[in-house]
Amino acid sequence: MSFALGKTKMPEQSPAVRNKNFSEVALGYSDDDAILEARRCLQCKTAPCRKGCPVEVDIPAFINQIKQGDIESSNLIIKSTNALPAVCGRVCPQEEQCEKYCVLAKKGEAVGIGRLERFVADYARAHGEVLNAVEFAADAQRVAAIGSGPASLTVAGELAKRGYKVTVFEALHLPGGVLMYGIPEFRLPKDIVQAEIANLRKLGVEIVVNSVIGQTFTVDELLDEEGFHAVFIGTGAGLPHFMGMEGENLNGVYSANEFLTRCNLMKAYQFPEYKTPIHVGNHVAVIGGGNVAMDAARTALRLGAQKVYIVYRRSEEEMPARREEVHHAKEEGVGLRLLTSPVSITGNTKGWVTGLKTLCMKLGEPDSSGRRRPVEIPGAEAELAVDTVIIAIGQGPNPLLQATTPGLAVDKRGNIAAETGKTSRTGVFAGGDIVTGAATVILAMGAGKKAATAIDAYLKQSKTAQACSG
Amino acid sequence: MYRILVKQEMAPEVKLFEIEAPQIAKKAQAGQFVILRIDEQGERIPLTIADYSREKGTVTIIFQEVGASTRKLGMLEERDCLLDFAGPLGKPTHVDKKGVVVCIGGGIGIAPVYPIARAMKEAGNQVISIIGARSKGILIYEKEMAAVSDKLYITTDDGSKGQQGFVTDPLKALIQSGIDIKEVIAIGPVVMMRSVAEVTRPYGIYTVVSLNPIMIDGTGMCGGCRVSVANENKFACVDGPEFDAHQVDFAGLMIRQQMYKDKEQGGCQCHSH
Numbered sequence: 012m013s014f015a016l017g018k019t020k021m022p023e024q025s026p027a028v029r030n031k032n033f034s035e036v037a038l039g040y041s042d043d044d045a046i047l048e049a050r051r052c053l054q055c056k057t058a059p060c061r062k063g064c065p066v067e068v069d070i071p072a073f074i075n076q077i078k079q080g081d082i083e084s085s086n087l088i089i090k091s092t093n094a095l096p097a098v099c100g101r102v103c104p105q106e107e108q109c110e111k112y113c114v115l116a117k118k119g120e121a122v123g124i125g126r127l128e129r130f131v132a133d134y135a136r137a138h139g140e141v142l143n144a145v146e147f148a149a150d151a152q153r154v155a156a157i158g159s160g161p162a163s164l165t166v167a168g169e170l171a172k173r174g175y176k177v178t179v180f181e182a183l184h185l186p187g188g189v190l191m192y193g194i195p196e197f198r199l200p201k202d203i204v205q206a207e208i209a210n211l212r213k214l215g216v217e218i219v220v221n222s223v224i225g226q227t228f229t230v231d232e233l234l235d236e237e238g239f240h241a242v243f244i245g246t247g248a249g250l251p252h253f254m255g256m257e258g259e260n261l262n263g264v265y266s267a268n269e270f271l272t273r274c275n276l277m278k279a280y281q282f283p284e285y286k287t288p289i290h291v292g293n294h295v296a297v298i299g300g301g302n303v304a305m306d307a308a309r310t311a312l313r314l315g316a317q318k319v320y321i322v323y324r325r326s327e328e329e330m331p332a333r334r335e336e337v338h339h340a341k342e343e344g345v346g347l348r349l350l351t352s353p354v355s356i357t358g359n360t361k362g363w364v365t366g367l368k369t370l371c372m373k374l375g376e377p378d379s380s381g382r383r384r385p386v387e388i389p390g391a392e393a394e395l396a397v398d399t400v401i402i403a404i405g406q407g408p409n410p411l412l413q414a415t416t417p418g419l420a421v422d423k424r425g426n427i428a429a430e431t432g433k434t435s436r437t438g439v440f441a442g443g444d445i446v447t448g449a450a451t452v453i454l455a456m457g458a459g460k461k462a463a464t465a466i467d468a469y470l471k472q473s474k475t476a477q478a479c480s481g
Numbered sequence: 008m009y010r011i012l013v014k015q016e017m018a019p020e021v022k023l024f025e026i027e028a029p030q031i032a033k034k035a036q037a038g039q040f041v042i043l044r045i046d047e048q049g050e051r052i053p054l055t056i057a058d059y060s061r062e063k064g065t066v067t068i069i070f071q072e073v074g075a076s077t078r079k080l081g082m083l084e085e086r087d088c089l090l091d092f093a094g095p096l097g098k099p100t101h102v103d104k105k106g107v108v109v110c111i112g113g114g115i116g117i118a119p120v121y122p123i124a125r126a127m128k129e130a131g132n133q134v135i136s137i138i139g140a141r142s143k144g145i146l147i148y149e150k151e152m153a154a155v156s157d158k159l160y161i162t163t164d165d166g167s168k169g170q171q172g173f174v175t176d177p178l179k180a181l182i183q184s185g186i187d188i189k190e191v192i193a194i195g196p197v198v199m200m201r202s203v204a205e206v207t208r209p210y211g212i213y214t215v216v217s218l219n220p221i222m223i224d225g226t227g228m229c230g231g232c233r234v235s236v237a238n239e240n241k242f243a244c245v246d247g248p249e250f251d252a253h254q255v256d257f258a259g260l261m262i263r264q265q266m267y268k269d270k271e272q273g274g275c276q277c278h279s280h
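Protein chains in written order, with my numbering: chain A, 12 to 481; chain P, 8 to 280.
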C-alpha cells in the first residue's frame, strides 16, 4: 500500500476574492476528502502525535473512526479531552504540535490532523450533536472561572464533566475572550465559537456576561459571599503594549487589540448596520510580526485599504507568526517591510497620521530568544506614507485582578505566579496567558486542563477535611 | 437584561434613566462609570454614574442625545430593557475630609459631579458648587446640587439663570476672596475642564477632572482611551477616569475625540458628559 506524500488539499477561497470579504478562508474537507486524508494515518502504536498535543487528544483513535466512516464516535473521542475542537482545528499551530511528530512528516507532509479535527467538529455541529447535561449532586461544589477565553472554557468543561457547578464570568457582553474579540471572522467564524460555548452551557456550565471581576465582584467576594468553593483566573493577556514612540496618540493609530475588537466583537465591518465605527484609511502600516499582526493586516485589507504593510524589524525567518498566516497574508496582497524598525509616527496639523518614520536594520548575532538580533544601519532612514498605523507588538496582563486580590503573587512582568495551576492564595487557581504571557489558544487550554485537575484535587480534599471536622 | 424603571426628561435632549442593576448599585461609588449597549447592533456606550441606590438596586444615568446611538437610547421608555449594562468601571473619586472643596459641573457634566459633591459633603467637607449651562432650559440637577452644597453658584452663557458667564467666573472670584480651597473637581466639556485647570494652575490648587475619551471595553483592553498625563500615556478606563487636571494633555484629548466625527451619521460619538 502506498501513501500520498502530501496532505489532501483543503479547498479555500481564492486570495483575490477573499481579501474583500470576511467569510472563512479555508472551506473544510468534504466527507471524501476526510476519509482520503484519514487513510494516510499509519495508526502508529506509539502515537508520537499525541505527545505534541497539549490536551492529549487520542489522535490515532479519532482518525481511525473517520476511516470507518463513524464520525459521531470520532467526535466523542475528541470531545473527551478537548472541549473546543472546532476552534482548535482552525487555529492551533499543528505544525509545531501534533503534526510535527507525525511519522509521515519525515518523508513528506504530516497527516492533516488539524483539518481532520475541524472536519469532525463541523460534522458533529451540522448533524445536531447530542450532549447530555451533567446531573449535579445536591451538594455539588461551585467553581467560578474568571474570563471566558480558551483557558476558562476548558476549566469549565473539564470540571462540569466531573460534577462541579461552574460559573464563567466575562467582562464583555459576549463570552469567548480572544476567540471573539481577537481572532478574525475569516479565520474563526464567531457563530462557531458561540456554538462551542452553547455546548458547554448544555453540559450545565453557567455563563455570566457583563461582569468585571475586580469591580463588579472581587475574588474574595466570590469566595466569601457568593458561595464559590474555588476560583480559576483565566483573564488572558489583554493589555495592549505601545512602543512609547512619538506620534502614538495621533488619530489613525490603533493598538491591534482595539482595531480587532472593533471589527470582530463589535462587527465594525458591518457599519453602519452595526453602530461601532472603524477608521481604516488607504495605506496602513501594521507594526509587528506575530499572528496578531497578520490578523490586523488581513482585516485592514478586507475593510478596503488599498495597501497594507507589515513593518517588522527582523527578517521573515524570525517572524513569530505561523508560516501559514504569513503565506495567506502575502497571497492576499499584504506587503512585508522587513528589517524595518519604526522610529516615530508623523501627523498633520489636524492630528491625523501621515506617515511612519523607520530605520533600516540588518541582522546581527543571535539574542536570548535565539533569533538574530536586528542592528541599526546608521543613516538608513525612510518614511512610509500611511494614514493608519496598527501597533501589534504584543499584549501584557491586565492588572485589575491582581490589584484587587490581596495576597495574590505576581511575577516581575505582572503575570500571576501559578505553578501547576495553583496561585499563592488557597482556593485560587490560574492558567493561560495570565500566567505564561501571550501564547496560543491550545496552550491556554492545556493549562486549563492542568488547573482543572488541581482544582478537582483541592475540592476533594477540602470536602474531606470539612466532613472530618464537621 | 437591565430594566429602565424611571425615565425623566431633564431638558430638551437630556434624559435620565434609573436602571435596575442591583449588583452594580451595590458596588458603585462616586466618580465611576458604566458601559451599556442598547441592542445586538449597538455600540458600547460609556456613561458616568449620576446616582445609585443600594436599597432600590438601581443606577441612574443621565445622557445627552448627541448622535444616532444616544438618540436611540433616548427613545426607550420605562419598562424597556437595555441588552447590556456593565460596571462599576474606573477608579472612584478619592473622597476624604479636606476642608473647602469646589465642585464644578458644566452642562451634562453636572450629573456626575452630583454624587461626588454629596460624598464630599458626607465626608465633612465644606462644599462650594458651581454649575453652568448654555441657558436656563438646559440646566440640570439644580435642586440636587443645592441640597448637598454649602453654597451653590449658577452661571449661564446667556444670563437666563444665575450670573451670565462661565463657571470659571465664580471660581476666579472665590480664589480672589482668599478662601483656602483644598481641591477643585470639574466635570464638563473638555474646553471647560481645561479652562478650570488654567484658572487654578497659577495658585497651585489641586484640581481633578473626569475624562471621557472614546473607549470600547472599559477594562483596559483596547487602549483607545489613552491620554497623556504628565507626559505618560494613561488609560482613562482603568487608570482614571479622574486625573490631575494640571497634568492632562487637553489638546491631545480634544483631537482624539474627533476621530469618528465623519462617521457620526451612522454611528455616534458617545459622551458621558
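Bear in mind the hints are in silico, worked out from the structure with no lab data behind them.
Please note: incorrect hints may appear among the correct ones.
[Stated by the list, open to error] Taking lysine to any residue and the SDA-like style, the derived pairs with C-alpha atoms no more than 25 angstroms apart in a straight line are:
1. Lys-22(P) <-> Ala-130(P)
2. Lys-33(P) <-> Asp-398(A)
3. Lys-78(A) <-> Ala-27(A)
4. Lys-270(P) <-> Pro-283(A)
5. Lys-179(P) <-> Arg-125(P)
6. Lys-104(P) <-> Lys-22(P)
7. Lys-143(P) <-> Asn-240(P)
8. Lys-79(P) <-> Leu-411(A)
9. Lys-270(P) <-> Asn-293(A)
10. Lys-268(P) <-> Asp-398(A)
11. Lys-158(P) <-> Ala-130(P)
12. Lys-268(P) <-> Gly-238(A)
13. Lys-241(P) <-> Thr-415(A)
14. Lys-201(A) <-> Asp-398(A)
15. Lys-117(A) <-> Met-21(A)
16. Lys-433(A) <-> Asp-398(A)
17. Lys-34(P) <-> His-252(A)
18. Lys-270(P) <-> Ala-465(A)
19. Lys-98(P) <-> His-252(A)
20. Lys-98(P) <-> Asp-235(A)
21. Lys-361(A) <-> Glu-394(A)
22. Lys-268(P) <-> Lys-433(A)
23. Lys-33(P) <-> Lys-433(A)
24. Lys-270(P) <-> Met-21(A)
25. Lys-34(P) <-> Leu-419(A)
26. Lys-22(P) <-> Asp-87(P)
27. Lys-34(P) <-> Arg-153(A)
28. Lys-34(P) <-> Asp-231(A)
29. Lys-423(A) <-> Asn-240(P)
Evaluation of the provided hints:
| no. | hint | verdict |
| --- | --- | --- |
| 1 | Lys-22(P) <-> Ala-130(P) | violated, 29 angstroms |
| 2 | Lys-33(P) <-> Asp-398(A) | violated, 45 angstroms |
| 3 | Lys-78(A) <-> Ala-27(A) | violated, 35 angstroms |
| 4 | Lys-270(P) <-> Pro-283(A) | holds, 9 angstroms |
| 5 | Lys-179(P) <-> Arg-125(P) | holds, 23 angstroms |
| 6 | Lys-104(P) <-> Lys-22(P) | violated, 33 angstroms |
| 7 | Lys-143(P) <-> Asn-240(P) | violated, 38 angstroms |
| 8 | Lys-79(P) <-> Leu-411(A) | violated, 32 angstroms |
| 9 | Lys-270(P) <-> Asn-293(A) | holds, 16 angstroms |
| 10 | Lys-268(P) <-> Asp-398(A) | holds, 16 angstroms |
| 11 | Lys-158(P) <-> Ala-130(P) | holds, 16 angstroms |
| 12 | Lys-268(P) <-> Gly-238(A) | violated, 47 angstroms |
| 13 | Lys-241(P) <-> Thr-415(A) | holds, 19 angstroms |
| 14 | Lys-201(A) <-> Asp-398(A) | violated, 29 angstroms |
| 15 | Lys-117(A) <-> Met-21(A) | holds, 21 angstroms |
| 16 | Lys-433(A) <-> Asp-398(A) | violated, 46 angstroms |
| 17 | Lys-34(P) <-> His-252(A) | violated, 30 angstroms |
| 18 | Lys-270(P) <-> Ala-465(A) | violated, 50 angstroms |
| 19 | Lys-98(P) <-> His-252(A) | holds, 21 angstroms |
| 20 | Lys-98(P) <-> Asp-235(A) | holds, 23 angstroms |
| 21 | Lys-361(A) <-> Glu-394(A) | holds, 20 angstroms |
| 22 | Lys-268(P) <-> Lys-433(A) | violated, 48 angstroms |
| 23 | Lys-33(P) <-> Lys-433(A) | violated, 30 angstroms |
| 24 | Lys-270(P) <-> Met-21(A) | violated, 39 angstroms |
| 25 | Lys-34(P) <-> Leu-419(A) | holds, 22 angstroms |
| 26 | Lys-22(P) <-> Asp-87(P) | holds, 15 angstroms |
| 27 | Lys-34(P) <-> Arg-153(A) | holds, 23 angstroms |
| 28 | Lys-34(P) <-> Asp-231(A) | holds, 14 angstroms |
| 29 | Lys-423(A) <-> Asn-240(P) | holds, 21 angstroms |
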